[in-house]
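Listed below are the residues making up each chain.
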Amino acid sequence: MSRILKAGRILLATLREIFDEAAYSRFLRRSQMTSSPAAYAAFWRERESSHDRRPKCC
Amino acid sequence: MSKLLAILGWGAVAALGALAVGVVAVHRGEPISTLWLVVAAACCYALGFRFYSKFIAARILALDAFRATPAERLENGRDFVVTNKWVVFGHHFAAIAGPGPLVGPVLAAQFGYLPGTLWVLAGAVFAGCVQDFVILLFSVRRDGKSVTEMAREEIGRVGGFVAYGAVIAILIIILAVAALVVVNALKGSPWGTFTIAMTIPIALLMGVYLRRIRPGKVLEVSVFGFILVLLAIWGGQWASQTPTVARVFSLQASSLAILIIIYGFAASAVPVWLLLAPRDYLSTFVKLGAIGLLAMGIVVLHPALHMPAVTRFADGTGPVFAGKIFPFAFITIACGAISGFHSLISSGTTPKLIARETQTRMVGYGAMMAESAVAIMAITAACVLQPGIYFAINSPAGVVGQTPVAATATISGWGFPVTASDMQALAHAVGEQTLFNRTGGAPAFAVGMAHIFSQSLGGEKVMGLWYHFAVMFEALFILTLLDAGTRAARFMIQDAAGHIYKPLGRTSWYPSILITSGLIVGAWGYFLWQGVKDPLGGINSLWPLFGISNQLLAAVALCVATTILIKMHRAKYVLVTLVPLAWLVAVTFTAAWQKVLSPDPHLGFLAQARALAAGPATSATPRLIFNNRLDAALTAVLVTMVALVLIESVRGWIGVLSGRKEARMKETPFVMTRLAEEQA
Chain D
0 MSRILKAGRI LLATLREIFD EAAYSRFLRR SQMTSSPAAY AAFWRERESS HDRRPKCC
Chain H
0 MSKLLAILGW GAVAALGALA VGVVAVHRGE PISTLWLVVA AACCYALGFR FYSKFIAARI
60 LALDAFRATP AERLENGRDF VVTNKWVVFG HHFAAIAGPG PLVGPVLAAQ FGYLPGTLWV
120 LAGAVFAGCV QDFVILLFSV RRDGKSVTEM AREEIGRVGG FVAYGAVIAI LIIILAVAAL
180 VVVNALKGSP WGTFTIAMTI PIALLMGVYL RRIRPGKVLE VSVFGFILVL LAIWGGQWAS
240 QTPTVARVFS LQASSLAILI IIYGFAASAV PVWLLLAPRD YLSTFVKLGA IGLLAMGIVV
300 LHPALHMPAV TRFADGTGPV FAGKIFPFAF ITIACGAISG FHSLISSGTT PKLIARETQT
360 RMVGYGAMMA ESAVAIMAIT AACVLQPGIY FAINSPAGVV GQTPVAATAT ISGWGFPVTA
420 SDMQALAHAV GEQTLFNRTG GAPAFAVGMA HIFSQSLGGE KVMGLWYHFA VMFEALFILT
480 LLDAGTRAAR FMIQDAAGHI YKPLGRTSWY PSILITSGLI VGAWGYFLWQ GVKDPLGGIN
540 SLWPLFGISN QLLAAVALCV ATTILIKMHR AKYVLVTLVP LAWLVAVTFT AAWQKVLSPD
600 PHLGFLAQAR ALAAGPATSA TPRLIFNNRL DAALTAVLVT MVALVLIESV RGWIGVLSGR
660 KEARMKETPF VMTRLAEEQA
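Protein sequences appear in the order of chains D and H. The opening residue of the first sequence carries number 0 in numbering that gives the first Met the number 0; numbering runs sequentially from there. The opening residue of the second sequence carries number 0 in numbering that gives the first Met the number 0; numbering runs sequentially from there.
Treat the hints as calculated values from the structure; they're not laboratory data. Among the hints, a few may not be true.
[As the list claims (entries may be wrong)] Chain D regions said to be covered by chain H (calculated; three or more residues, Cβ under 8 Å): (1) 11–17; (2) 33–47.
[Claimed, not checked] Straight line, CA to CA, 20 Å or less: simulated SDA-like cross-link-like pairs of lysine to any residue: (3) H:K216 - D:M0; (4) H:K84 - D:L27; (5) H:K53 - H:V37; (6) H:K216 - D:S24; (7) H:K501 - D:L27; (8) H:K323 - H:L605; (9) H:K53 - H:A13; (10) H:K84 - D:A6.
The C-beta atom is built at its ideal place from N, Cα and C for all residues, glycine as well.
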């Protein structure tokens, strides 16, 4: 049972990473903000200015 | 005892794999079950991962679990983040899995199921997985540097310049090809066009929801978005059956091309949170679900493969694209076997998330195996179709004839019987007006996927829904690639333009955004338009161009890898990267030579230009001649650039091996990890 729970947690963590939820949580922690439209806008401003452009394959 | 069991177990896997590959390779005549393909692939991947990747990890790269990775040393909570290995695996796989491994194998199925299958399996295990793995590790040891930076530092300035040029060229060509695949899938299809059109307001709605209503709740909004997309597929059926609506969404190829070009420009210029990001989330959501569903469908239903193992078109006279198995099967299938583009991902975000060096094996080698499995699924989807149907869908009208009767007569004459009424019944079943001349691979894949699922869930009655689900899934994939690729290329151009005039380098300065977006969209839009107007369907000339440029980038990545191995004093193991490099050089240079200089007008760009000049002139003739000459020039430039990298690399290898040149690497010095086992 604990293995299934662990697998479920990892799957959720993977999806959160793929879908940028984890990155947003880290941003909130780092900038000591709470989630809000302004915080989300700041998150995207930072991402757009980042030199790490996240290529996607064909 | 456990060692004996392991030997027996792996011996059994090897024997089963040999049997399955043997059946796939030798069997002729009656259709075989797709399970043989599945078993052959599973055994090859298991053996490759267990033995070959372990050999590379232990003997050649000497992965060090105690060496701190950039994610640990440079952790900033933004780009550099220590992340669970399974999470990195999923993230990496989601980034490398695009439409390429679905489209390429479907096109290469014109040679039969065998050439593509063998190349996907051998190419992945011995080349693609190795490239992704070693580039990932080398990037981890260099603070997550990109392959273009590594090329500049380890090979020389020419290496860096060529890698940069190849990336831009690939982006432009792949975007054009991808857009062409969408155009060919949606032309004259009100159902498909309606569904895809609806994904734009759905993405905008998701963007606004994420920004204003529930910031950051991406998984939640993706579920809502997915439900809306399913409703759009269902609504598409209504649209196709309502004459007034159907007329609006029945578009010709040229109209669709113009709309996609406008969309590409808009998507590149509007804020990323509004359209690009939500569409990306939606596409990833659908992609992971559809791949999982297809894998289950193939394993559970294991339909028979009707395509012969090797078709008569191995001789190079194929209608889907011209050219013999060697070299064209090996450039047509890139992403499922080896793709240079993957080296950008392996040296992009992923190395900044890896917690331990030892995890690069599973992430780099393992994720590429998963990508290769997707290519095997695509081969299966294409080859479960009756060959006559496959060729009727994938052959351009310029080759098989303009009318259904002429096309079926030509295809039946090749020994692949099909009738106009078969095709009409199939088109009716999937809710299309016609399936003739739907070149590009996506419609054939969608018909194959619908065929597999119609054997179980809902039967033939819901074939139309499955077909349009598959078309939507591929088109969504591709439009996301258009958004992201145009934007990525825009950033690259802005970076370069910033050296000439500083404000142009500012990614938020609107004049710069508009100019560079216009340049990129104009470039791929030009090739898209060329493909739409090409009497041979466009895929015939553009897909090989993409394959050549993509595999040339892989050659650059393998040059980087070989150079570093030699500098690491691992010259006795250098064949691990040198053999794939030699193979890719042979394949790409031969393909480029034939595409430029072959006297066959169906194959050679210059021969086609000459044939057009000698034939009856129409208003389009001068442009077609120019396009062929442009394609020839582009191919020649790409090959010359890579030849320069090769020469510079070989000079460096000889220098190091002969002791005339110091083996100086730009590796980050060793730092002991502080991470506890459970943190990594």
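Taking the hints in turn, this is what the structure says about them:
| no. | hint | result |
| --- | --- | --- |
| 1 | 11–17 | holds (count 6) |
| 2 | 33–47 | holds (count 11) |
| 3 | H:K216 - D:M0 | violated, 28 Å |
| 4 | H:K84 - D:L27 | violated, 23 Å |
| 5 | H:K53 - H:V37 | violated, 23 Å |
| 6 | H:K216 - D:S24 | holds, 10 Å |
| 7 | H:K501 - D:L27 | violated, 32 Å |
| 8 | H:K323 - H:L605 | holds, 18 Å |
| 9 | H:K53 - H:A13 | holds, 16 Å |
| 10 | H:K84 - D:A6 | holds, 13 Å |
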